[in-house]
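Protein chains: 2
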Amino acid sequence: MPVFQAPTRDTRFVVNEVLGLESYGHLPGFEAATRDLTDSVIEEAGRFVNEVVAPLNLSGDQEGCTRHPDGSVTTPKGFKEAYARYVEAGWGTLAAPEVYGGQGLPHVIGFVMEEYLASANQAFAMYPGLANGAISAIASKGSPEQQATYLPKMVSGEWLGTMNLTEPHCGTDLGLIRTRAEPQADGSYAITGTKIFISAGDHDLCENIIHLVLAKTPGAPESSKGISLFIVPKFLVNADGSLGDRNAVSVGSIEHKMGIHGNATCVMNYDGAKGWLVGEENKGLAAMFIMMNAARLGVGIQGLAQAEASYQNAVTYALERRQGRALTGPAEPQQKADPLLVHPDVRRMLMDAKMFIGGMRALCLWGALQVDLSHKAATEEERQAADDLISLLTPVIKGYGTDMGYKTATDMQQVWGGHGYIAENGMDQFVRDARIAMIYEGANGVQAMDLVGRKLALNGGRAIQRLFAVIDAECAEDSADETVKLVAERLAKATGHLKAATMWFLQNGMANPNAIGAGAYAYMTLTGVVSLGLMWLRMAKVSAAALGQDGADKAFYEAKLLCARHWALRFAPQAGALRYEVEAGPETVMAMTAEQFAA
Amino acid sequence: MPVFQAPTRDTRFVVNEVLGLESYGHLPGFEAATRDLTDSVIEEAGRFVNEVVAPLNLSGDQEGCTRHPDGSVTTPKGFKEAYARYVEAGWGTLAAPEVYGGQGLPHVIGFVMEEYLASANQAFAMYPGLANGAISAIASKGSPEQQATYLPKMVSGEWLGTMNLTEPHCGTDLGLIRTRAEPQADGSYAITGTKIFISAGDHDLCENIIHLVLAKTPGAPESSKGISLFIVPKFLVNADGSLGDRNAVSVGSIEHKMGIHGNATCVMNYDGAKGWLVGEENKGLAAMFIMMNAARLGVGIQGLAQAEASYQNAVTYALERRQGRALTGPAEPQQKADPLLVHPDVRRMLMDAKMFIGGMRALCLWGALQVDLSHKAATEEERQAADDLISLLTPVIKGYGTDMGYKTATDMQQVWGGHGYIAENGMDQFVRDARIAMIYEGANGVQAMDLVGRKLALNGGRAIQRLFAVIDAECAEDSADETVKLVAERLAKATGHLKAATMWFLQNGMANPNAIGAGAYAYMTLTGVVSLGLMWLRMAKVSAAALGQDGADKAFYEAKLLCARHWALRFAPQAGALRYEVEAGPETVMAMTAEQFAA
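Sequence order for the protein chains is A and B.
Number 448 in the working numbering belongs to position 448 of the first sequence; there are no gaps in the numbering.
Number 171 in the working numbering belongs to position 171 of the second sequence; there are no gaps in the numbering.
Pulled out of the complex, with its shape left as it was, chain A reads as follows (with noise of 0.2 Å):
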């Protein structure tokens, strides 16, 4: 049984250490977040995460989601109960407006949560994760009464909700949606289609599921510019609030997938179902952004999460499993063989993944703060300083994120040797959930050109200019710390590369598209790494300042001046190849013909 305890000192270490939450007291929404507060909910968190969800997460995957013949979804044994004890405990109410009933705490500590869920059980995480999407685009696109009907319940956990998109034929291309809503007199309208791929579809778990579905008014325009966002509740609600007619959506069937086997993954046909238009017809898309860029930095600290809960599981392994000897001599002579730590390839795929998931950590709550400060922060320069990172890392966070989580697990489960490919240990569980992190809202490779092609642009460039005032003004702080120095030099350096891959994308996307394209996916690996290095250059200072306090706690802080080291000794050399592979423009990419990759 794999082991997991949420990370609750290093999450502590971010929070009050790196990002300083407390500090922004002054602000409205942070007023509550006292240092007594969040430590005592990061606490809490961990432990119910630890003794409710987490022990769930490999029987849910071998169990799955079943539909019965009636057509209804049951999750597998204990999620229920599981999520009753979460909604009664007001977990999912952390972040939110307390005008819903929600406690306001500043979206970091709500990120906190969101990667203790993943980290313990994805598939479970994923039934409250995908109504936090929801609720984002009710709160910003609904009416107020749409707000007052849906929202209460939805905050408090009692209702749930869903993301309609994705249609057999079409997934990132959303223009090419079939889906039809009929205008009726009553002021609903009459929704017909399919949606497919749709998490947390159907299930057990609450007693109405609030279904956001995207769909196109007759007389719509083609393209993306004609889809519109609706509410469509399973179970109609009525004036007073109590539930009414089930309403005319139903279940085809349940894929059956590579992981994530605990959420019931659904077809969900609609047949003239009753739905809401939310905000104006044709506008659905920025309605749906509004879901998305939630839901995409929700998936990015599932790879983190993934990451976490595998390197748990191989740090325990490679203390138990005693196979070979040191290569300087027995370091247990009285052994038969030396624990896999001894060896130092075993140690180098923990180091990498202790040093992501450090940096990682950070950067995701760094950019939930970013979040919290574009709404809140003091004047409206700030806000849109915040708002400009954390627009430019959303697709960093998610791809990047996602892609470093799928490795770490993968190399996670290589420490275990052949033990890590039998299902019983569950380390290829993280590796089959991590995957689908890398492909959801939004491919990986949409997620860099949103990068490169969107983010990069928008406003003449702003947003990457005030990430490179960010690195520039921390690397070029004097320090007397040896690791902080060498982490500020070899950020500078990596900096360099991305702000030459940067200008090459300047030089060459005006002329040809493609030159953006074919460099995409490497500029954003680029901006991770760098991103990485930031986090890193951030918590060496602050470890190498609490080494000089009286009883800190040495342990704790070398371990992270060594990460730090080790990004800038052997991750930080990554930067120039991925620069160079920018540079290297689109000739190779684009010339093949179709014929020619079909030979």
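No lab work stands behind these hints: they were computed from the structure.
Be a bit skeptical, because a hint or two may be false.
To be verified - Below, computed lysine-lysine pairings styled on BS3-like, alpha-carbon distance capped at 25 Å:
| id | chain 1 | residue 1 | chain 2 | residue 2 |
| --- | --- | --- | --- | --- |
| 1 | A | K493 | B | K283 |
| 2 | B | K541 | B | K485 |
| 3 | A | K554 | A | K541 |
| 4 | B | K225 | B | K283 |
| 5 | A | K407 | B | K407 |
| 6 | B | K554 | B | K541 |
| 7 | A | K499 | A | K485 |
| 8 | A | K336 | A | K407 |
| 9 | A | K153 | A | K80 |
| 10 | A | K499 | A | K541 |
| 11 | A | K225 | B | K336 |
| 12 | A | K407 | A | K485 |
| 13 | B | K485 | B | K499 |
| 14 | B | K336 | A | K283 |
| 15 | B | K283 | A | K336 |
| 16 | B | K493 | B | K541 |
| 17 | A | K336 | B | K225 |
| 18 | A | K493 | A | K541 |
Using the hints, position chain B against chain A.
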């Protein structure tokens, strides 16, 4: 249903035009391998796997193997019939020695069949694949009686074989095995113990299975110097060659694995089973390495094979699936969307795959030629040179080949987007099947240590110097062709990084063995990048020359030149980053304490 067509055109290009197999016709064992013959064997082999083996891949994954209450094991539907046709056609005999009923063709041709089988159905391919290792061990270390008793039936495929090494508490560290071999009055041994992860451990494909089992005789030294190798047949063989009593070996269970479900991975219980010593007592490791080296090359080929199979399906999908528009404007304006193939990032993944597959195929077949030449070349010096090269490159073909096979299968799944995550489409099977190849027959970290810790140092570094000499000579040849010049220049530069990394080990490895261990993996990858480059330089030269001929298949050779440029422009830059990772040394890898890892 996934598609598969054996890539016979590309194989013939490598065998005939790149390796020039026919030019070795003066050597013993090569005489029969005329171009006419090998071309027809390649085409026939392709037809056989396309029609008989490939159609069982997805169904075999879904059905898996079954252990029945009586302890017998059955393979998925169709495997038994397909294997009977394989034996009937003599496909297992291609490269086996004529003295045992083989066809005595070069290993190059045997490798071709191994690749095709593994591409079409890796789980199926492993049944005869494992037998190859057992055959090699008996052929080189068995007594004449053992050879006469077992080899003709094993070569014909009437009997299959297995390799029994791993035990529950040890895999890599075979010195720890506990299986006992008690000498009996009749000269046999009574074998008692439990072996795990035994691929093709039992099944219904053939009438007898010859297990090769590592065990310890009484009083044998602890450590790998005390292990011996035994032949333990499932059914004892009478003096007249007929089958006698069932031996005391049974299947405890079949493992539930991430992939290769069609192969019965068994827990084998030996309860005083009758076994016969192969070679001398306590010399089992040497015999085991004979099996292992053959098996490692076979596993490297599996990396190539899964890359090829997944690539074909990704290309098919990229041509059929329409989503979005080309960045330069609609490519097919009359359609609602363009095929995926217009998107640069989709093309990037396909080009990376095509480049890897073409380069890796050449590397594997060139490796096979070295195996042949190590036995058959005219002079001892030539035999030694070939042996040096293949010994050096075996861990690279296994380690780098399977890493890239998994990466490629993952990328090809990515081309399919959400549909790639759905089991029925088969793209996730390629990933799951490819994953095991990084683990078995020595995890890839073990390959890296074999390369750097063993192969690099042997005979004063003679093998790597030979590789450098081959590359330097290849780069030094003048060419008027622009691509050849570019690839030669980039290969020389990448090789410069490999030389520097080699020198770094030389200077630092003696003083600190952990310096070797911490850099070994990056070095193996670097050697892989360079080896692919060497192959692409050769293929670029052949292709440039062919394009100068009348009636040349322009599209084919131009595609080769594009792949060569793709290596030079987009892969070669990795060499620098990998060299710097080696030179970063062991510091950050070795410093973390167990407590810090576990914190």
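Here is how each hint holds up against the structure:
Straight-line distance between C-alpha atoms of K493 (chain A) and K283 (chain B) comes to about 53 Å, which puts the hinted pair past the 25 Å bound. Between the alpha carbons of K541 (chain B) and K485 (chain B) the distance comes to roughly 10 Å, so the proposed pair stays at or under 25 Å and holds. This hinted pair checks out: K554 (chain A) and K541 (chain A) have alpha carbons roughly 14 Å apart, not beyond 25 Å. For the suggested pair K225 (chain B) and K283 (chain B), the alpha carbons sit about 7 Å apart, so the restraint of at most 25 Å is met.
Among the hinted pairs, K407 (chain A) with K407 (chain B) is consistent with the structure: their alpha-carbon atoms are about 10 Å apart, no more than 25 Å. Restraint check: the Cα-Cα separation between K554 (chain B) and K541 (chain B) comes to about 14 Å, which is no more than 25 Å; the hinted pair holds. As the CA atoms of K499 (chain A) and K485 (chain A) are separated by approximately 21 Å, the hinted pair is consistent with the 25 Å bound. Distance check on the hinted pair: K336 (chain A) and K407 (chain A) sit about 32 Å apart at the alpha-carbon level, beyond 25 Å; violated.
Of the pairs offered as hints, the one joining K153 (chain A) and K80 (chain A) holds, with about 17 Å between alpha carbons and a cut-off of 25 Å not exceeded. With a C-alpha separation of about 24 Å, the suggested pairing of K499 (chain A) with K541 (chain A) holds against the 25 Å cut-off. A threshold of 25 Å between alpha carbons decides the hint, and for K225 (chain A) with K336 (chain B) the separation of about 14 Å falls inside it, so the pair holds. With a CA separation close to 29 Å, the supplied pair K407 (chain A) and K485 (chain A) exceeds the 25 Å bound.
At roughly 21 Å between alpha-carbon atoms, K485 (chain B) and K499 (chain B) fall within 25 Å of each other, so this suggested pair holds. Proximity of K336 (chain B) to K283 (chain A) is assessed by CA-CA distance (about 21 Å); at most 25 Å being required, the pair is judged to hold. Of the pairs offered as hints, the one joining K283 (chain B) and K336 (chain A) holds, with about 21 Å between alpha carbons and a cut-off of 25 Å not exceeded. Taken as a hint, the K493 (chain B) and K541 (chain B) pair is honoured in the structure, with Cα atoms around 18 Å apart against an allowance of 25 Å.
As the CA atoms of K336 (chain A) and K225 (chain B) are separated by approximately 14 Å, the hinted pair is consistent with the 25 Å bound. Proposed proximity of K493 (chain A) and K541 (chain A) is supported: the alpha carbons are some 18 Å apart, at most 25 Å.
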